[in-house]
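A.B. asks: Letter by letter, the chains look like this.
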Amino acid sequence: MAKELNISDLQLKYLELETLLDITNDLNSFEEIPVLLQEILVKSCAVLNASSGLILIEDDNSNVLNIGADFNIDISALNGIIFNKNKGVIKEINQSRKTLCFKISQDNYFYGTNCVYCLIAPLLDKQKLAGAIVLFDKESRKGISPFIDSDSNMLSAIASQAGIAYNNIKLIENIKEAKAFNENVMQSIATGVFTTNLMGEINHVNRTAVSILNFDKEYIIGNHYGYIFESNEQILELISKCELESITVSESQVQLQFDDKTTTVNISVSPLLNDFNQPLGTVVALEDLSNINKLKSTFKKYVSNQIVDQLLENEDLLSLGGQEQDATILFSDIRGFTSLSENMTPNEVVETLNDYFNQMIEIIFKYNGILDKIIGDELMVIYGVPKSNIQDSENAVLTAIEMQEKLIAFNQDRCINLKKPIKVGIGVNSGSVISGNIGSTDQMDFTVIGDSVNLASRLCSSAEAGQIIISDAVWNKIKHLQTFKSKKLSPIKVKGKAKVISIKEILYNGYEFDYQDAFNKVEAFLLKELPLYYTYHSIEHFRDVVKQVERIAKKEKIDKAGILDIKLAAWLHDVGYIWGPLDHEEKSVEYAKVILNEMKFPKSKISLITGMIMATKMPQSPKNHFEQIICDADLDYLGRNDFEDISSNLLKELEINQKITNFNWLKIQEKFLKSHSYFTLTSLKSREKNKQKRLTNIQDLLKTYEATRTSRK
Amino acid sequence: MSSFITSIKENNSIIIIETNGYLNNTGGEAISEIVYEKIDQGHTKFLINMGNTKIVNSIGVSILIEIIEKLQSVDGKLGYYNLAPIVSKTFTIMGLTKYSTLFESEELAVNEI
Chain A
117 MAKELNISDL
127 QLKYLELETL
137 LDITNDLNSF
147 EEIPVLLQEI
157 LVKSCAVLNA
167 SSGLILIEDD
177 NSNVLNIGAD
187 FNIDISALNG
197 IIFNKNKGVI
207 KEINQSRKTL
217 CFKISQDNYF
227 YGTNCVYCLI
237 APLLDKQKLA
247 GAIVLFDKES
257 RKGISPFIDS
267 DSNMLSAIAS
277 QAGIAYNNIK
287 LIENIKEAKA
297 FNENVMQSIA
307 TGVFTTNLMG
317 EINHVNRTAV
327 SILNFDKEYI
337 IGNHYGYIFE
347 SNEQILELIS
357 KCELESITVS
367 ESQVQLQFDD
377 KTTTVNISVS
387 PLLNDFNQPL
397 GTVVALEDLS
407 NINKLKSTFK
417 KYVSNQIVDQ
427 LLENEDLLSL
437 GGQEQDATIL
447 FSDIRGFTSL
457 SENMTPNEVV
467 ETLNDYFNQM
477 IEIIFKYNGI
487 LDKIIGDELM
497 VIYGVPKSNI
507 QDSENAVLTA
517 IEMQEKLIAF
527 NQDRCINLKK
537 PIKVGIGVNS
547 GSVISGNIGS
557 TDQMDFTVIG
567 DSVNLASRLC
577 SSAEAGQIII
587 SDAVWNKIKH
597 LQTFKSKKLS
607 PIKVKGKAKV
617 ISIKEILYNG
627 YEFDYQDAFN
637 KVEAFLLKEL
647 PLYYTYHSIE
657 HFRDVVKQVE
667 RIAKKEKIDK
677 AGILDIKLAA
687 WLHDVGYIWG
697 PLDHEEKSVE
707 YAKVILNEMK
717 FPKSKISLIT
727 GMIMATKMPQ
737 SPKNHFEQII
747 CDADLDYLGR
757 NDFEDISSNL
767 LKELEINQKI
777 TNFNWLKIQE
787 KFLKSHSYFT
797 LTSLKSREKN
807 KQKRLTNIQD
817 LLKTYEATRT
827 SRK
Chain B
-12 MSSFITSIKE
-2 NNSIIIIETN
8 GYLNNTGGEA
18 ISEIVYEKID
28 QGHTKFLINM
38 GNTKIVNSIG
48 VSILIEIIEK
58 LQSVDGKLGY
68 YNLAPIVSKT
78 FTIMGLTKYS
88 TLFESEELAV
98 NEI
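Taken in sequence, the protein lines are chains A and B.
When the first sequence is numbered by this note's numbering, its final residue is 829 and no position is left out of the sequence of numbers.
When the second sequence is numbered by this note's numbering, its final residue is 100 and no position is left out of the sequence of numbers.
Check each hint, because a few of them may be wrong.
Label pairs and their in silico Cβ distance ranges [said to hold, decoys possible]: (1) A:E147 x B:T88: 31 to 39 Å; (2) A:E134 x B:D62: 27 to 35 Å; (3) B:Y23 x A:Q222: 33 to 41 Å; (4) B:P72 x A:G228: 34 to 42 Å; (5) B:Y86 x A:K203: 26 to 34 Å; (6) A:E147 x B:Y86: 38 to 46 Å; (7) A:Q222 x B:N98: 52 to 60 Å; (8) A:G259 x B:S(-10): 17 to 25 Å; (9) B:N98 x A:Y130: 43 to 51 Å; (10) A:E147 x B:N98: 53 to 61 Å; (11) A:E147 x B:P72: 16 to 24 Å.
Note that these hints are calculated values from the structure, not bench results.
Quick caveat, the model's predicted, so the values are computed rather than measured.
Glycine residues also receive a C-beta, built at the ideal position from the N, C-alpha and C atoms.
Full structure from sequences and hints, please.
C.D. replies: Dropping the structure here:
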């Protein structure tokens, strides 16, 4: 006969208590949160007969809980679910701080698990919800069943213990982080620092101090400072004095001798005290003066020489920590750099940026700007830090203008080399900023922060390619100078500001050049001055060349700005005919220089235009893409169907001085067509074939002439 | 075979079942299914290698008790080895050790059951 075996309620309660005790005993032995969570979950499932479970745990940076542990459950069913502390059942336990048991409905976070019943307990970090223990489906021999009140009580007890353990681990992690933070601070500071204990033994030393002391760190730590500095009396006296009198002592320009290495340092020794002002030892700071020169040369990569000298003369200007002051901030950003760089190799991108930055930074330093940051293709420049100056805003605007003007010349070179132009938008703002050393334990930067900086950045974002946008604050500081031209723009709404911001655009030579006005002026001049006997070099020729340059340039994928420049050259290329055919290109160039200067055309681009004019001189000699386009446009008719008409106009014009026989005219044309070649792919494709046909026709005619002549003889 | 059962072997007429994972309702039923089938085939001694079962709940224990009852009716025996301390403690609290035996190793279990 089989014995009757049963699990009594008492045994179950005993197991529950033992589990709780185990959890309490074990929890403090865990050092890592994931291990702790897994252990809690597994034990909770077991003691409460849950078929599965998971622990949700806080994300430090948001209001969302993440899955920190799972047991016997397919968590892929929960992919994409956001466990928001302020929604659903998590909100309920967040507010009530109580364990809940419920049947999982369709609108519940856990519906996708296919579990039916849920028991969820808050995991509290002090009074804040740090997470939740979630158990699913209480098992019985008859299947699954809902959790009951005693299960809630048990899970609450486990969660309460787990919360304490979780807090302890977090606390230890925070202490470790703080320790690492202090160590990082100590290691990252440029001053050599070491500390001694009450026995005079060195117990901490940072990297810089190790370098100054010229010993291995292992040798320094634990050694008495008397041994380390045995041949350096001055520092021994300073440390000893500090130990005896508990006062800070310092000495400048002290020479430390270690073997063959001599280092000049400034020394400061301070007593190290505990919270009750009892001595713990000393802290010694060694400022390596031999680095000053290195520092100076490095610094000059970021600020102008003048600023470096100011800083070195007056160290107070660089006081640590934040200080509020007025400054002007300039941001510039390349427009469309991502798409521009898509067709470039990484090397080309770096080369382009270096080339661009070199030219821009030279301008920044010229106007005493501090290059604060280069972020990708963006530049952040500060004026007035560490010492403000009445000219800060003026300097910032002058920088912006010169940067834009310099870019025009920069792009001219790029266009000539078939590279896409670089265009920047610039924003300038002025106002109160907090300046100082800002950053993390690993890296600190001397920079400025504040609303004024953010606004400058926003103005830069609003500026279109080639635009300089300034705030009213900047304009109010420069308007009295009456040297800057500005245009009022529609106010902009800036994120984080209730009121709209009034802005102005600073105008400069180049950006505002009115090409259409220039075309109209040259055309009017030609209509008025061009002698009527020019049947070929008439206004029609100019209009035709302008039309053809536009067509060819578009096909050759020249950008809008480039097309405007080539059209300008087309209008000007034969203006010299007004003063006679001889050396007419040179005369055109002279005229172009005068009119372009008068119209404030960017000086740096005048050579681009005159180069195109000279390229049309026979024999054509284009040196770059733009010049190839104008040359092809100038003789476009050679491959067109209106060749006969235009060529007869040319004959008429040539016959002003002397009569040309038909035979000679054919010979001239044959020679010209044979020697001519198109330069652009567009013209080669669209005109060359027709031109060759024309040549064959002319050669056929010449043969007929020759035959007729021979038969006459 | 359930994924909870990773192997079944016979050693000296003793059926040795190796488990992996949570010994709950599902795990317990997987064991009982094998044991009952083997009982029908005439086997009476069973060992469970619980090296990979680190957690057990009371339903799992209940099923083991049901198996023990069944084995008692055929004068059979059930034993376990490679138990994690927590599992061993649970078995003890739940009274399982009164009717079945915990062994330290397979060798001891095979010799002594």
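A.B. asks: Now tell me if each hint is right for this structure.
C.D. replies: Hint check:
A C-beta distance of roughly 37 Å is found between E147 of chain A and T88 of chain B, which places it inside the suggested range of 31 to 39 Å. For the pair E134 of chain A and D62 of chain B, the supplied restraint of 27 to 35 Å holds, since their beta-carbon distance comes to about 33 Å. Judged by the Cβ atoms, the range 33 to 41 Å given for Y23 of chain B and Q222 of chain A holds: they are separated by roughly 39 Å. Checked against the hint of 34 to 42 Å, the pair P72 of chain B and G228 of chain A passes, with Cβ atoms roughly 36 Å apart.
Y86 of chain B and K203 of chain A have their C-beta atoms about 50 Å apart, which leaves the hinted 26 to 34 Å range violated. Range check, E147 of chain A to Y86 of chain B: Cβ separation about 40 Å, and the 38 to 46 Å hint holds. Hint check: Q222 of chain A to N98 of chain B, Cβ distance near 57 Å, so the stated range 52 to 60 Å holds. For the pair G259 of chain A and S(-10) of chain B, the beta carbons lie near 20 Å from each other, so the given range of 17 to 25 Å is met.
About 32 Å separates the C-beta atoms of N98 of chain B and Y130 of chain A, a value inconsistent with the hinted range of 43 to 51 Å. At about 41 Å, the beta-carbon gap between E147 of chain A and N98 of chain B misses the expected band of 53 to 61 Å. Distance hint check for E147 of chain A and P72 of chain B: the Cβ-Cβ separation is about 20 Å, which falls inside the suggested range of 16 to 24 Å.
Of the numbered hints listed earlier, those contradicted by the structure are 5, 9, 10.
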